[in-house]
Each structure stands twice: as structure tokens, then as C-alpha cells.
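**Q** Taken in order, these protein sequences are the chains called A and B.
Mind the numbering: the first sequence is residues 1 to 47 in this note's numbering, read in order.
Mind the numbering: the second sequence is residues 1 to 194 in this note's numbering, read in order.
Just so you know, the hints here were simulated from the structure itself, not pulled from any lab data.
These numbers come from a predicted model, not from an experiment.
Just so you know, even glycine gets a beta-carbon here, dropped at the ideal spot from N, CA and C.
Don't take each hint at face value.
[Stated by the list, open to error] Covered stretches of chain A, going by a simulated chain B footprint (3 or more residues, C-beta under 8 Å): (1) 15 to 28; (2) 32 to 42.
[To be verified] Okay, the calculated beta carbon distance ranges per label pair: (3) B:113 / A:30: 20 to 26 Å; (4) B:43 / A:41: 50 to 56 Å; (5) B:110 / A:45: 43 to 49 Å; (6) A:23 / B:9: 23 to 29 Å; (7) A:45 / B:108: 26 to 32 Å; (8) B:151 / A:19: 34 to 40 Å; (9) A:31 / B:113: 50 to 56 Å; (10) A:19 / B:40: 49 to 55 Å; (11) A:23 / B:114: 44 to 50 Å; (12) B:120 / A:23: 55 to 61 Å; (13) A:39 / B:88: 24 to 30 Å.
[Stated by the list, open to error] Mimicking DSS-like on lysine-lysine, the simulated pairs with C-alpha atoms at most 27 Å apart in a straight line are: (14) A:16 / B:28; (15) A:40 / B:58; (16) A:16 / B:143; (17) A:19 / B:33; (18) A:19 / B:28; (19) A:36 / B:73; (20) B:41 / B:28; (21) A:18 / B:92; (22) B:41 / A:18; (23) B:64 / A:16; (24) A:19 / B:132; (25) B:73 / B:33; (26) A:18 / B:61; (27) B:13 / A:40; (28) A:36 / B:33; (29) A:19 / B:41.
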Amino acid sequence: MAKIYSKKELASKNLKPKKEVVSFLLNYSQALTVVKVKDKSFEIIAN
Amino acid sequence: MADLHIPDALLVKNYIEGNETALSILIKRHESKIYGFIYSKIADRDISNDIFQDTFIKVIKTLKSNSYNEEGKFLPWVMRISHNLIVDHFRKTKKMPMYRETEEFSIFSVMSDDSLTIEGKMIVDQVEVDLKRLIEELPEDQKEVLVMRMYQDMSFKEISELTDVSINTALGRMRYALMNLRKIIDKHQIILTN
């Protein structure tokens with residue numbers, strides 16, 4: 001008997017991440033400063 | 001909606017220069033594509049959110065440290081980061097275990113095909129046909145109850161209503177039907193197994 005290998009399409013165009021995740025990312029981006037000293041880079045997160 | 005006209009490359013440049021709103025435009029523009037891509041592989045909302053977050057943390061760090069140099073290819077670059085994180089996730093959770101066949105370990109000890117063999121299928125078919133023939137031999141009232149119960153999956157209450165007898169009579173007919181089937185099978189020494 002023929003096997004069905006196709007699965008239901010999981011991807012949907014309307015899927016979006018949680019608002020909390022996006023707002024965390026924006027806050028994180030604002031707080032983060034990366035300072036490069038010679039070959040090393042330092043991440044500074046402001047509170 | 002002026003945001004729509006600013007190309008990704010320019011937004012990335014603005015963001016590197018310190019314009020934080022550029023990042024929010026970039027996220028808004030691509031969030032559903034990236035999140036949808038992650039979800040299509042992970043199929044779990046919470047884990048997909050985590051991977052989405054980790055992806056953009058990486059994006060932010062790379063952009064802020066001025067290590068980004070793929071102008072005009074922002075989305076493919078972000079997709080590749082999320083793809084790598086998805087692979088990492090599966091590695092961590094060992095959802096894709098890999099087995100190698102060795103002398104002591106046979107791959108078939110962890111793999112099996114539970115479906116019936118061709119012979120098994122033929123036996124099952126034959127048993128079903130034989131059983132139906134035996135049922136045909138039963139008296140009409142018993143046959144009726146047995147068919148309704150076993151093949152049409154009706155309850156005894158439904159059967160009793162449909163055949164216009166009490167539940168006890170329907171139960172009794174079922175009992176006699178089974179007893180008679182056993183008798184026929186014993187008498188003719190029929191073997192019904194698979």
C-alpha cells in the first residue's frame with residue numbers, strides 16, 4: 001500500500017512571535033553596547 | 001507606512017549608527033517570515049519564541065560589534081542564523097539520534113517494522129472472509145444482533161430499539177450467536193488465527 005509521506009504544512013504566514021519577545025529584544029538592543037578594544041570585544045548592558 | 005520604502009540595507013546601516021527604531025522596523029518587517037520558518041521546523045510555540053529571541057540577540061550583537069558585512073542580504077543572513085540555532089536545538093534535545101551499526105549493536109534492535117507481512121495480510125483477509133461465512137450460518141435473529149454489534153458498532157440499547165426487543169433479549173441473542181459460532185468452529189475444527 002502506498003505510504004503518505006507528506007505532512008500537513010506547519011508554516012503559516014500569520015504566525016508571529018510573542019509581543020514580549022519583541023519588546024525584550026528592543027530593550028536589550030537599547031541596553032547593549034559593544035566596545036571593541038584591539039582584538040577583544042566587550043559587551044556592556046546598561047540597566 | 002513610509003517604513004516600507006526604506007530598504008533593509010539602509011535600516012541596518014541606520015541601526016549600526018545608533019538608530020534603535022531601525023531595528024524595530026526590521027523586526028516588524030521580517031518577524032512572521034522568520035518566526036514561521038522556525039515554527040515550521042520546531043512545531044512548538046514556546047521553543048520557537050526562544051529560538052526567535054536567540055536569533056535576534058545574535059543579530060543585535062553582530063550588528064553592534066560592527067561585524068556585519070553582507071549588505072543587501074539581511075533576511076537570508078538572519079534565516080541562516082535561525083537555521084543554525086534550530087540545528088543546535090535538535091542536537092541538544094537529541095531528537096535526531098544517530099546510530100551506527102557495530103558488531104555488538106544491530107541497528108534493527110532499535111528499528112522495527114510493525115506492519116504485517118504480505119503473508120500476514122493474506123491470513124487476516126482469509127480469517128475475515130471465513131468468519132463472515134460462519135456468521136452467515138447463524139439463525140437470522142442472532143446474526144442480526146451480532147452484525148449490528150460487531151460490524152456496525154451499535155450499542156445494545158440501539159440494537160434493542162431497532163429490532164424492537166428488550167435489551168436482555170438482544171444480549172441473549174448475542175450470547176447465543178457467539179456460542180453457536182464457537183460450536184461450528186469446534187465441530188469443523190476450523191483454525192481462525194493470524
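**Q** Against the structure, test the hints numbered earlier, and report the numbers of the ones violated in rising order.
**A** 3, 4, 7, 8, 10, 16, 24, 28
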